[in-house]
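Just so you know, the sequences run in chain order A and B.
In case it helps, our numbering puts the first sequence at residues 436 to 549.
In case it helps, our numbering puts the second sequence at residues 155 to 265.
These are calculated hints, taken from the structure and not from any lab test.
Short, incomplete list of chain B residues facing chain A, as computed with Cβ under 7 Å:
1) G186
2) K196
3) G197
4) P198
5) F200
6) T203
7) Y251
8) K252
9) F255
10) A257
For each residue, glycine too, the CB sits at the ideal point set by N, CA and C.
Here is what each chain is made of, one letter per residue.
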Amino acid sequence: EADIYQTPRYLVIGTGKKITLECSQTMGHDKMYWYQQDPGMELHLIHYSYGVNSTEKGDLSSESTVSRIRTEHFPLTLESARPSHTSQYLCASSAPGQGYNEQFFGPGTRLTVL
Amino acid sequence: EDQVTQSPEALRLQEGESSSLNCSYTVSGLRGLFWYRQDPGKGPEFLFTLYSAGEEKEKERLKATLTKKESFLHITAPKPEDSATYLCAVREESNDYKLSFGAGTTVTVRA
Chain A
436 EADIYQTPRY
446 LVIGTGKKIT
456 LECSQTMGHD
466 KMYWYQQDPG
476 MELHLIHYSY
486 GVNSTEKGDL
496 SSESTVSRIR
506 TEHFPLTLES
516 ARPSHTSQYL
526 CASSAPGQGY
536 NEQFFGPGTR
546 LTVL
Chain B
155 EDQVTQSPEA
165 LRLQEGESSS
175 LNCSYTVSGL
185 RGLFWYRQDP
195 GKGPEFLFTL
205 YSAGEEKEKE
215 RLKATLTKKE
225 SFLHITAPKP
235 EDSATYLCAV
245 REESNDYKLS
255 FGAGTTVTVR
265 A
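The following block holds chain A by itself, in its conformation from the complex:
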């Protein structure tokens, strides 16, 4: 069973606040990903990382930033939250087995910006 954790699970915050969504995995996976998902819509990749000190932007433009200082930790930060950032944020990781094909997902953080 995948061991990937996200905190908080739910967050309601006012406009202009700085927030950090946490993601940790205990599987030693080198690849990690952040997706954004709105209700009934596709998951969109917003950031990914090949390993420590590696971060790349995904297909969907996002005002968030990420960092990868440790293998197990991949936090996402919004410097100034806006209502347009309201969404579900999903973190995932993958390992070299089978060519990184299987991505393990965390439970998600549902963010509401008022």
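Chain A is already provided as a structure; the job is to place chain B on it using the hints.
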């Protein structure tokens, strides 16, 4: 341009009523097609990977098949616990480790 299209958007089944979900994809070179299950308020859970046309994978009441243009997820004699949103995703040969997801099919199985 949509790479992955899933149909139908929603499917309501009676317990034991078998059915199929469709995933149509448009990529220049397919590196893999993936099926995930997502329960409300949770992250997607991996089900299958298919690599080439003609390939089939099975898990309990679920069977996934692949052609050159689409994949089907067959649900045989479903039970209420099979109720979930089923997501399809593809990985192109030109994209490093990135998956493109469809919007999903929400399946509701009534007892």
